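Sequences listed follow chains A and B, in order.
Per the working numbering: the first sequence ends with 359, consecutive numbering throughout.
Per the working numbering: the second sequence ends with 236, consecutive numbering throughout.
Worth flagging that the hints you see were computed from the coordinates, not collected in a lab.
Being a predicted model, the structure only gives us computed values, none of them experimental.
Treat the hints with care, as some may be off.
[Unchecked claim] Covered stretches of chain A, going by a simulated chain B footprint (3 or more residues, C-beta under 8 Å): (1) 95 to 108; (2) 123 to 132; (3) 151 to 160.
[Claimed, not checked] With beta-carbon atoms standing in for the labels, derived distance ranges: (4) 67(A) to 231(B): 13 to 23 Å; (5) 232(B) to 321(A): 44 to 54 Å; (6) 192(A) to 147(B): 26 to 36 Å; (7) 160(A) to 30(B): 56 to 66 Å; (8) 192(A) to 112(B): 47 to 57 Å; (9) 189(A) to 18(B): 29 to 39 Å; (10) 189(A) to 120(B): 42 to 52 Å; (11) 222(A) to 147(B): 37 to 47 Å; (12) 114(A) to 162(B): 46 to 56 Å.
All C-beta atoms, glycine included, are put in the ideal place defined by N, C-alpha and C.
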Amino acid sequence: MLSSAGQFFLREGPSIGYSGAMIQATSQQDSAPVFPASQTVVSVTGLTKRFGGRLAVDNISFAIQRGQCVGFLGPNGAGKTTCINMLLGLVEKSAGEIRIFDLEAPRFHRQIKARIGVVPQADSLDPDLSVEENLRTYAGYFRIPRRLVRARVEELLHFFALHNRRDEIIEHLSGGQRRRLLLARALINEPHLLILDEPTIGLDPQARHLIWERLAILQAQGTTMLLTSHYLEEVSRLSQQVLILDHGQVVVQGEPQQLITDMVGLEVFEVDGTAAELDALAASFKECNATQERVGDKLYVYAREDCSRLVKVLGEAGSWVRRPANLEDLFIQLTGRSLRES
Amino acid sequence: MNGFSFWTIWLRNGRVWKKHILATLIGNLGQPLLFLLAMGYGLGRDMAAVEGLTYLQFIAPGLAASAVMYSAALETTYGSYTRLTVQKTYEAILMTPLGVADLVLGEIVWGASKGMLAGVIMLAALPLFGVIPSPWVVALLPVLFLSGMFFSACGLIMTALAKNYDFFNYFTSLVITPLFLFSGIFFPVQTMAPPVRGILEILPLTPIVSLSRILCYGRFGEPILMKIVGSLLATGCAVWLAGYLLRRRLIQ
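Work out the full structure: start from the sequences and follow the hints.
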């Protein structure tokens, strides 16, 4: 089904793979990232945005290396979207420096944006136009020669399994089909950087998995990506690096599994029970290297070593689960449990 | 802005328009044609000649100019506001190499094109009412396009300021309708008392209505240079202001 699309995307990215730490991020003033220029796709130093008196983005620095997928995480209002909009020139920066493809932004935005693809959070497809017309119209904005557009549209329609709906008006598409079309549209200019702002928001699991599968193919071919999402499973699957923002600042950055092991632990026990039961368990767990958290009538134990020997103690408790520590634990630990409603 | 990049936005709007061609044409042409029928044919039969023209002949060119105004102004208010808010078309466009200047120019030239088309159809319909335009009417086309640019830019200014669709009621009730009634389409401005005449003559549609009548019948009685220069200046200012305000709204 994807044979032709596969060839098309193979020429997308670099031929070599990367591993290890490819992103550096800090909230401090003086640590500008230093990388060989050709490998750094995005380099941001001291980026700041003030809306009136409110600091939406507070002195952020990071870099994205070629072929990497970097996950931007953070509660609502943390500054993720503002940060992305500054990269795209939709929000003017108050201070700091942005370089994309070694070009200064916003000065060279026309050249920069010619090589970026964006999947926006909100559906911005042309509802009156058909699937194919949407792609052709968008290709027009990039002034892609007509003879190339035809081939690219075909490949993208097949790659995202939309070729049977090419003449359908957008209104008649499902949520998943619209999202796939937004992705196809973002790839029409063969971008060197793909920015994904909540790419699977509001989709059912089937639709979400189909998109993950396609993104994984793009990634295997070396496409550089910047991803924001509230689905931490999505970020875990796709990103080699994460950057957690809160209150406009970078709280932590690094390789996700490493961060989880370092900051949360190896595994998590979630136990339900009465206050008395949980008190007793909390005492037993002190024998093991673990941190504990009580939320209502639930006890969370984040084990930093193998605490298997305590399983028989737990057996007496009402109900419990034992699972590996994940990105969500890290996220909650760093940004707290309180709701962020803007 | 980069040369003719704005043209791709024009093409996008044209592509959407083709899908609703009948509805938009009827919407834009219904009113001026009905006015021509009711006022020109119905009322005008029993009226004395105005400036040597039958009443129907007198109002016909101005109604064509009003068709341009309505079509252009409605396109860049309701149409552009929908693209700005509901459909997020501008957001999508600004993620491509196109900038706000391309966007503003594309929208305004599109509105002017739609306006001019409405004007041309009105002019083409005049022989049905027994009005035969002179060959000078060809020179009227760029004037109608210029007027379309002006009213598109005014509409886009409103769009840049609007918080919701109701905001455009102010624009249509307080700007467009008074211009329709008092720009010399239905009565000669020259014969008004001097202070009133002065006010009516600086309304932006008045010189366009005069030029329409002059060029439609090839009757060059009054000076036309000032009318053209004035309209060009007003259009330039309106386009600049539309660009300034839309940029302020789109780029935070």
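Hint-by-hint comparison with the structure:
For the stretch 95 to 108 of chain A, the stated coverage by chain B is satisfied: 5 residues place a CB nearer than 8 Å to a CB of that chain, which reaches the threshold of 3. Under the rule that three or more residues need a Cβ within less than 8 Å of chain B, the assignment of the stretch 123 to 132 of chain A holds, with 5 such residues. Counting residues of the stretch 151 to 160 of chain A whose beta carbon lies closer than 8 Å to any beta carbon of chain B gives 6, which reaches the threshold of three, so the coverage claim holds. Between residue 67(A) and residue 231(B) the C-beta distance comes to about 19 Å, which sits within the given range of 13 to 23 Å.
Between residue 232(B) and residue 321(A) the C-beta distance comes to about 53 Å, which sits within the given range of 44 to 54 Å. Checking the proposed 26 to 36 Å range against residue 192(A) and residue 147(B) shows it holds: the Cβ atoms sit about 29 Å from each other. The supplied range of 56 to 66 Å is met by residue 160(A) and residue 30(B), whose beta-carbon atoms lie about 59 Å from each other. At about 50 Å, the beta-carbon gap between residue 192(A) and residue 112(B) stays in the expected band of 47 to 57 Å.
Checked against the given bound of 29 to 39 Å, the beta carbons of residue 189(A) and residue 18(B), roughly 36 Å apart, stay inside it. At roughly 50 Å, the beta-carbon separation of residue 189(A) and residue 120(B) lies within the given 42 to 52 Å, and the hint holds. A hinted range of 37 to 47 Å for the beta carbons of residue 222(A) and residue 147(B) is consistent with their spacing of about 38 Å. Against the hinted window of 46 to 56 Å, the Cβ-Cβ separation of residue 114(A) and residue 162(B) comes to about 51 Å, which satisfies the hint.
Of the hints listed earlier, there is not a single one the structure fails to meet.
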